[in-house]
Amino acid sequence: MGPLDGRLLREAPAIRRFLVGACILAALSAVLVIVWAELIGRVVARVFLEGGDLASISTLLGLLVAIAALRACVGWALETGGQATSRQVRGGLRRRALERVFRARPAGLGDLRTGEVATSVTSGLDALDPYFSRFLPQLVTAGVVAPAILVWVAFRDPVSALIMALTLPIIPVFAVLIGRAAEARTKRRLSALSLMSSHFLDVVRGLATLRAYRRGRAQVETIAQTSEQFREETMGTLRIAFLSALALELAATMSIALIAAVIGIRLVNGSVELAPSFAVLVLAPELYLPLRAVAAQFHASADGLAAARRVFELIDLAPAVTTPVAALVAPDPGSATIRLEEIGFAYEGRNAAVFSGFECEIQPGERLLVAGGSGVGKTTLLSLLLRFADPQRGRVTVGGIDLRDLDPDEWRRRIAWLPQNPRLPAGTIAEVLRFAAPQASEDELWTALEAAGCTTLVSALPDGLDTKVGEGGRQLSSGERRRIALARALARKASLLLLDEPTAHLDAGTAAQIRSALERLERKQTIVIASHDASLRAVAERTISLGEVRR
Amino acid sequence: MSPALRRTALRRLLTEARPLRRRLALSILLGACSIAAGVGLMATAGYLISKSALEPPILSLGVAIGLVQFFGVSRAAFRYLERLVSHDAAFRFLGRLRVAFFERLEPLVPGALGTARAGDLLSRFVGDVETMQFLFLRALAPPLVALVACAGAVSAAGIVLPAAAAVLGAGLAAAALIAAAVTGRATRASSRREAPLRAELSSEIVEALAAGSELVAFGRVGRELERIDAIDRNLGRLGGRHGRVAATGDALVLLASGVTLAAVLAVAAPAVAGGKLGGVWLGMLALLALSSFEAVRPLPLAAQQSGAVASAAERLFELTDRAAPVSEPASPLPIPSSGVLRLEDARLRYAAHLPWILDGASLELRPGRRVALVGESGAGKTTIAGVLVRFLELDGGRATLDGHDLSDYASDDVRGLVALDDQDAHLFSTTIRENVRFARPGSSDDQIAAALRRAGVWDWVSSLPDGLDTYVGETGDQVSGGQRRRIALARAFLSGAPLLILDEPTSHLDRATAEAILDDLLSGADDTGLLVITHDPLMLERFDEVLRLENGRIV
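Residue numbers (the working numbering), protein chains in the order written: chain A, 1 to 551; chain B, 552 to 1106.
No lab work stands behind these hints, which were simulated from the structure alone.
Being a predicted model, the structure only gives us computed values, none of them experimental.
One should not assume that every hint holds.
Partial list, computed: chain B residues near chain A (C-beta under 10 Å) [unchecked claim]:
(1) L688
(2) V823
(3) L971
By construction, the Cβ of each residue, glycine as well, lies at the ideal position given by its N, Cα and C atoms.
Given these sequences and hints, build the entire structure.
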């Protein structure tokens, strides 16, 4: 893996801008450090060899301070530029990843786990911060400053330049060679470390269980023992892993020592002068410093890139349904017939087909109950209507138009849906309802609440529509939640209403309330109810049993 | 967090580090030697070429050349040793902290955690403890190393020219103070003001992901992403401000090194001109001053790390300083081999401002009697279980064992008499055997198999190629929810406790399996007392008693 990720560069133009800026700043800082070294050489030579007093060097010293100030500014600009780029790139990647996750898994995250995705796009992406604010600036600095110093030294003192040119490649070469050898061991060490951490995590997470069986105290000894054992193993591998740093360090210090000795000998011969030689000596550590900094940041940057790759995996997920380039206008299901024709559908990665050759017709304004036991495909049928998925064979049409020719978002505007386990966002009752119907007036909200049989419930709340519910507000029981979610679906005034198990897991009284609310609904929309609850047959005009018909 | 609290947290941590102080001192000494060798390398190199410029006989340079080489090698060698010693000390320290914090945490779980997000709390606890390894390496060592190394560099300069040493000392001190003050401020501000926004961002994202299909169905994805972006923008504004402050700290340190160098030269030049200082020493002083700033360079990062470590320490102490949820009696009553557990008018709430969870609940559990406790989720069923096994203490009413207050018994003794199979029982990342056996250490495979059979999972276990040796994965993620549930249930059976409390024993199970397990439980002729907590109305008619919990009372 290279230190510059091609995908990252392609996908985030902000990085390219930053790299260009960083190169300019690095070139500036190369010039500054060279001038800085030359100034020091001049000052030392003038006072020491030419007998100059304070007045004779005051201009040079003033310049020295000015250069130091400029170097500080350049460093500041590089660091803050890296931070800003990091924020921009992380924000952009997060947005794209989340957007794609919603489009790729509209029916629920499935194989992706909520916590894992959330971590990837938050603290995972934060791992990119050291990459941008430290590693990249230093990489660019090393790439620009080191050659610049080398060229300048070659011009001032070719012999020192030769020593530098010979030792400089040793650093990356050694870094790679020893790094590779140490990598396997380091990996083992890291896995040992993470094993240790996960053992501790395991014990702490299970502490309540351990205590229930009186085994909590006994873990103290185990934790102490495993910690000690892992320390011994880890130190064994670190002894070797640190050798690479030792080699880098030695290459840098020994070449400085060599340059100093060789300069000294040639000064005695009179073949070089003090001022440029002193400048070369000041420049020598500046040559190795950025390289060592890059090496020190390498692991942090690798972590960051690994995090970025995980986010790219999310961005690369295939959308669940395609959006046509030229979408047709969605017919109104309130007046157009919906047909499921020869539907074949299986979930990805599963062999058993949910539908094969399934046929069904839904007339405008009809109230259809889709019955059947769990797992027969009731929810899948609603998913196909919602276009959370498209059938692999056959087609779903509305007014004769294939749903695949419609913009999915446009089509969903015509649908209101009561999911099996509605999740209400935390907020006021009005906010919860406007989640589905952003434009609804207060009167319209009350109408929807009335239709869902929630008038008494909401009127009794201290602040009526403005009462906060959910996290940080009034907790709703599962029956109340279901009824509010029904009101939410009704407030949308959509011409196709999809209800998934509206009465499941409710006590008999609440289920009856929901049923009577459904019975009282005005006949304005097509309603499809998926439920195993036989009592809902009273609400429907027609029932199809999925277990019985050919699926 | 206030600076005072932060300091207290760090001080308490350092108390734990006391037994390691020799190792810490050695590592600091080695670190300082390494920096001193680096300074020595540049200083002698400066002297060497200055001396050479006077064109002395080449042999007279021998000592200087030798010194330069020596410092070159020793710089790297000291650094290597320092890394080994400091990492070793850091791991030892981490081991001690794991034990120390675990010992504090142990009596608090689960009673003092509250109900919400206990899992998150424990994961964060572990993360925070692991963060402590950086206290040593990145927060504590760099300033001490810098102090020792700078003292050495200033003393060396003092031998050559005391005035230059004074200037250098002032410059280094100023740089160190700037680094600590500016970076420390930025870090504190960021942890205080960014952390809540970060938490908000992350909970907004988790919430959005959980409600993903509704966002898609109701066309709210764009708006939700806007909301997330808005939080991110606020976070970015704050982060940018703090980042710029931190970068200013770095820049000021760099500026300080330049100004100090100029000042040292300005002090040394008249001394050379006035004949008080040999000219050959000028170059040495210049490079010594320049390279000694290497000691100060890690300080901004150290200030940042010490902020992070202190926040983590503060969170740890906040958790471990919580009051123990149950008090242990000074002289506990001897525990009977069996007995009657009774709740009388029990009242309990998690905090004074929160509603009562139990509000006058009464029930009785005795050997041989099978009781079902039903009620909506959140009605307090699990809280009752917590009281009966002495994870929680009542705020009102009584919990008694054979007529004596439950709090007169040692809580571990009570848990030997009453086994609780929690509905969130944890599976450890080890084999099935070990996951069951710890409920009764020393049990034979036959006893474990019998317990698994009662839990309805032995047929499956014995069909596995590795049988009892099958690894269940991290938190049991390589077995299904139903199998996980039943392995946990087997623990309760193996424990041999005369009273069992099973919290939702049939969740994640299909009907047939659930019925088989309940049937076995309820038809057994033994004298075990049973309290089954459930929201599933399955086979309720076969219990001796069915209690319904509503609004914290049995109705």
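Consistency of the hints with the structure:
1. The criterion of a C-beta within 10 Å of any C-beta in chain A is not met by L688(B), whose closest approach is roughly 12 Å, and the hint is violated.
2. Given the 10 Å rule on beta carbons, the hint for V823(B) holds: about 5 Å separates it from the nearest Cβ of chain A.
3. The beta carbon of L971(B) is positioned within 10 Å of a beta carbon in chain A (closest approach about 5 Å), and the interface hint is therefore held.
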